[in-house]
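Protein chains: 2
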Amino acid sequence: MVTKHVPPEWAFEFHGHRCPFMPIGYRMGKLALEYLGVEREKDHGLFVFAEIGIGHPQTCFVDGVQAATSATYAKGILEKTFYGKLAATFYHPQKGAVRYSLKPEFVDAMGKYEFFAYRKKGVEPSQIPPNVVDEVTDWIYEQTDDYMFKVEAKPDFKYTPVKGSFNKNKCSICGEYVFERYLRTKDGKPVCIPCSGY
Amino acid sequence: MVTKHVPPEWAFEFHGHRCPFMPIGYRMGKLALEYLGVEREKDHGLFVFAEIGIGHPQTCFVDGVQAATSATYAKGILEKTFYGKLAATFYHPQKGAVRYSLKPEFVDAMGKYEFFAYRKKGVEPSQIPPNVVDEVTDWIYEQTDDYMFKVEAKPDFKYTPVKGSFNKNKCSICGEYVFERYLRTKDGKPVCIPCSGY
Chain A
13 MVTKHVPPEW
23 AFEFHGHRCP
33 FMPIGYRMGK
43 LALEYLGVER
53 EKDHGLFVFA
63 EIGIGHPQTC
73 FVDGVQAATS
83 ATYAKGILEK
93 TFYGKLAATF
103 YHPQKGAVRY
113 SLKPEFVDAM
123 GKYEFFAYRK
133 KGVEPSQIPP
143 NVVDEVTDWI
153 YEQTDDYMFK
163 VEAKPDFKYT
173 PVKGSFNKNK
183 CSICGEYVFE
193 RYLRTKDGKP
203 VCIPCSGY
Chain B
13 MVTKHVPPEW
23 AFEFHGHRCP
33 FMPIGYRMGK
43 LALEYLGVER
53 EKDHGLFVFA
63 EIGIGHPQTC
73 FVDGVQAATS
83 ATYAKGILEK
93 TFYGKLAATF
103 YHPQKGAVRY
113 SLKPEFVDAM
123 GKYEFFAYRK
133 KGVEPSQIPP
143 NVVDEVTDWI
153 YEQTDDYMFK
163 VEAKPDFKYT
173 PVKGSFNKNK
183 CSICGEYVFE
193 RYLRTKDGKP
203 VCIPCSGY
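Protein chains in written order, with this note's numbering: chain A, 13 to 210; chain B, 13 to 210.
One thing to keep in mind: the hints can contain errors.
Note: identical chains are not told apart, hence a pair may lie in one copy or across any two.
[Said to hold, decoys possible] Here are the simulated lysine-lysine pairs, DSS-like style, with alpha carbons at most 27 Å apart:
no., residue 1, residue 2
1, 132, 198
2, 182, 201
3, 54, 16
4, 166, 16
5, 166, 54
6, 42, 54
7, 132, 182
8, 201, 162
9, 124, 54
Calculated from the structure, these hints are not laboratory results.
Chain A on its own, in the form it takes in the complex (with noise of 0.2 Å):
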């Protein structure tokens, strides 16, 4: 099946350029969607591990699966595991899990596109010409979801947010609000972790 699952014009400003892996992001955090069976996530209850770390290309992925389902960084339900893999899990306490990865011919099989050779000399997405960022995702477009993505079920995932909490308190240094977690103690005296040296 061709699921395209467009990415809406929003979500290329959001992300700030046109390149092919927002696009593949946003195909898989709405097939996960449909796979748990659960609506865009307005609040806090839908959790992403993306399995991309630091120092490594193609991460932009994650961005479309921000906005594909609202499980967002700034909400605190979406983390990186830093695996260095072109993969997310997707779990809701009350649907289950499911991981979603990028299958090694499908990358071969993109890495072939000119785009990736601009990538490889160091020119950023956006600096790259429409009509070579257009073709690798036209093509992907095409691909069928079997081709681009192993899915797999995850029925023995388990994550437990910690407990919140609203209290706070003023950096007794810097007079800022401190949320009670991260409030230290120098001196007596309640601090902010930079205030505090530690």
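Model the placement of chain B on the given structure of chain A, informed by the hints.
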């Protein structure tokens, strides 16, 4: 000066719900771009260090920062510092660094609105009556930048991202691609971190 910088409708769709914090972060991000004299970051040239952590409220403002600046989590140019503070430092290697934080007096005044009574009872943002959300959000739009934000130049701020690499190899156990930084070795063969058991 009152520079509302009202987020576009897509930023609310991205975030998943309406709350006062996403708009606060959007405004913070827009002001920081203006301060540094840069546009929305198309690629990887602006770095944001958001001082939020886990297990506390009001982190949503960082989604507004993402939406305003395109310094996104997936592009590897936005990180949390885990200080539990409502602040962020914006760094552009050619333009310098600036830190924006919410003033305690503003946080105190805002905290009197009914929205926060709902949140402290455990009501998720999407379930709070729209007029209650609008009440505090509209009030914020009328406040001056100076009343809301402490702005600090950070002339000595430095940050160097890790050197990236496009190299990757397949894990000898699961067969999935792993970028080199995260490849491990087990029994003399390349493996991914989950397969390694390390």
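Here is what the structure says about each hint:
With identical chains, the CA atoms of residue 132 and residue 198 are never at most 27 Å apart, being 49 Å at best within one copy and 29 Å at best between copies. In this homomeric assembly, residue 182 and residue 201 come within 27 Å of each other (Cα to Cα) only inside a single copy, at 10 Å, whereas the closest approach across copies is 52 Å. In this assembly of identical chains, residue 54 and residue 16 lie within 27 Å of each other by CA distance both inside one copy and across copies; the values are 23 Å within and 24 Å between. Within a single copy, residue 166 and residue 16 get their C-alpha atoms as close as 25 Å, which meets the 27 Å cut-off; across copies the closest is 45 Å, which misses it.
In this homomeric assembly, residue 166 and residue 54 come within 27 Å of each other (Cα to Cα) only inside a single copy, at 23 Å, whereas the closest approach across copies is 36 Å. With identical chains, the CA atoms of residue 42 and residue 54 are at most 27 Å apart both within one copy (15 Å) and between copies (24 Å). For a Cα distance limit of 27 Å, the shortest separation of residue 132 from residue 182 across copies, 19 Å, qualifies, whereas the shortest one inside one copy, 48 Å, does not. Proximity of residue 201 to residue 162 under the C-alpha cut-off of 27 Å is restricted to the inter-copy arrangement: shortest distance 23 Å between copies versus 53 Å within a copy.
When the C-alpha separation of residue 124 and residue 54 is checked against a cutoff of 27 Å, the pair qualifies only between copies, where the shortest distance is 24 Å, while the shortest distance within a copy is 38 Å.
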